[in-house]
Amino acid sequence: MHLQVSSVCKSFGYGPKAKQVLDSVSFDLHSGQFLALVGSSGSGKSTMMRLIAGLERPSSGEIRLDGELIRGPGADRGMVFQKYSLFPWLTAGQNVAFGMRLQGRPRAEVRERTAYFLEVVGLVESARLLPRELSGGMQQRVAIARSLAAEPKVLLLDEPFGALDLQIRESMQEFLHRLWLQTGLTALLITHDLEEALLLAQEVQIMAPRPGRIVRRVSADLDRSSLAHLRVSQPFLALREELASCLRSLDSSLTA
Amino acid sequence: MNRWSSLRRFLAHPWVLGLVGMATVLLIWLLTTASGTVDKLFLPSPQAVWQAGQSQWQSGGLVKDAVASIQRVFIGFALSAGLALPVGIAMGTNRTICRLLEPLMALIRYMPAPAFIPLLIIYFGLEELPKVLLIFIGTFFFNTLMIMDAVKFVPSELVETALTLGGRGLPILTRVVAPYIAPQVFDTYRINMASAWNLVIVAELVAATEGLGKRISLAQRFLRTDEIFVGLIVIGLVGLVIDLGFRFLMRKSCAWAT
Chain L
0 MHLQVSSVCK SFGYGPKAKQ VLDSVSFDLH SGQFLALVGS SGSGKSTMMR
50 LIAGLERPSS GEIRLDGELI RGPGADRGMV FQKYSLFPWL TAGQNVAFGM
100 RLQGRPRAEV RERTAYFLEV VGLVESARLL PRELSGGMQQ RVAIARSLAA
150 EPKVLLLDEP FGALDLQIRE SMQEFLHRLW LQTGLTALLI THDLEEALLL
200 AQEVQIMAPR PGRIVRRVSA DLDRSSLAHL RVSQPFLALR EELASCLRSL
250 DSSLTA
Chain A
0 MNRWSSLRRF LAHPWVLGLV GMATVLLIWL LTTASGTVDK LFLPSPQAVW
50 QAGQSQWQSG GLVKDAVASI QRVFIGFALS AGLALPVGIA MGTNRTICRL
100 LEPLMALIRY MPAPAFIPLL IIYFGLEELP KVLLIFIGTF FFNTLMIMDA
150 VKFVPSELVE TALTLGGRGL PILTRVVAPY IAPQVFDTYR INMASAWNLV
200 IVAELVAATE GLGKRISLAQ RFLRTDEIFV GLIVIGLVGL VIDLGFRFLM
250 RKSCAWAT
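Taken in order, these protein sequences are the chains called L and A.
For the first sequence, the positions run 0 to 255 when numbering that gives the first Met the number 0 is used.
For the second sequence, the positions run 0 to 257 when numbering that gives the first Met the number 0 is used.
So that you can see chain L by itself, here it is in the shape it has in the complex (with noise of 0.2 Å):
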């Protein structure tokens, strides 16, 4: 799995109205690689998100995935939102196999990989809740379950637990990095939470706002055996103060 971002720009409206909102961005993620854009509010990068997930057009430059130019939204790129987006009247064992109902698989094999996939999200229990009867972690480890279980190249995270309480949401951060060790995917993370981009993802991308672009990139090569360990090791706060110090300036240099 390759995907490639080149040059992409994106504006919305037109004329003297027009509005930039990305100007040249450009990455690669390759399989089983785990990577995340951090930017404040206005950096674009969910804008990013939406036209990898094929839900917007660039305006220029181009995004490829093997090769193959993204045109429209589809099943190979499987993306998790902030808000909740389960479906209100399907369960949670419903919700996970709905991705794979479209897709027209044998029931049989619905039935199976909705089972297992509730297992790795350790919601094998609630399997007949609707989704307003569980709490919004689990609704987004529902979530998860529905993207990966369409079997999509590569899964993009869209501020995932933006909405959840600081608690449920380092426990969740726990879950992903599990979930990526366990099941090997390959994911893009937008946050702009600086410390979880860097526990979970092996390379961050600082994103400037106004217009969004990238302007640093760190390979995060860190001790992840244990996530609450790695919190308060030396090097992970070094390098989440020194990233922390470049978003800041990147503020003040708007407000001045």
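What the hints contain is simulated information worked out from the structure, not anything from laboratory work.
Even for Gly, the Cβ is constructed at its ideal location relative to N, Cα and C.
All the pointers check out, no bait thrown in.
Looking from chain A toward chain L, a few residues come up when the C-beta cut is under 7 Å (computed):
(1) E156
(2) T160
(3) L162
(4) T163
(5) L164
(6) G165
(7) G166
(8) P170
(9) W255
Chain A residues, not near chain L, derived (Cβ > 10 Å throughout):
(10) V19
(11) G20
(12) T23
(13) L25
(14) I27
(15) A33
(16) T36
(17) W49
(18) G59
(19) M110
(20) P113
(21) I120
(22) D186
(23) L243
(24) M249
Label pairs and their in silico Cβ distance ranges:
(25) L:Q19 to A:I96: 29 to 35 Å
(26) A:G244 to L:D164: 40 to 46 Å
(27) L:R131 to A:L118: 47 to 53 Å
Given chain L, work out where chain A should sit, using these hints.
What follows is chain A alone, placed relative to chain L:
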């Protein structure tokens, strides 16, 4: 005190206060007519109305008229609801269709349906068709615009999620839009059914050989206020049953939204 708290709990039951309200009106009615201060021709006693109802029931005329009215409502409303669903969804999902039809519908919606009766009689005579069409005209535009609104408020996240799961076109409509709007569509139908029920009576008051509206206008001719009361009460009860039926259907089929 204990007695007070049990009374309060009794009153807290959702149906109790509603029944108290109805019983109060019935009691005032009973006392007014029993006191003899009001002419029986103007306000018949509850007993007289009950007797009139009984004799109409036994003669079979009441049932026949009720069936005739209900039939008209159901045919007219089924046409309206059946056509409003695809048109409303088309307007809600397609901007061109919406811009083309919305101003037209918004205009017609404000023309009172009963004002179409003279035209309908000229075009289609006095048979069933003009009555059915009146119900159609009176409810179709409301149904359509309300369904359109329901479709417009389908959260984009749900549609986009389905898109990124490999869905497109028709499956999105049947598996995302349709189930999401189902509760609102039921509610739309329930609300507009009330105007369908109003319109059938209006149509029958103007010209009909049978129906509950006809029954009332006939009773008026003979100054039978007790029979008018019977007609009004039956109309109200049938409407209430239809309303409860829609609520029941919605609870059964859209448990997730209640």
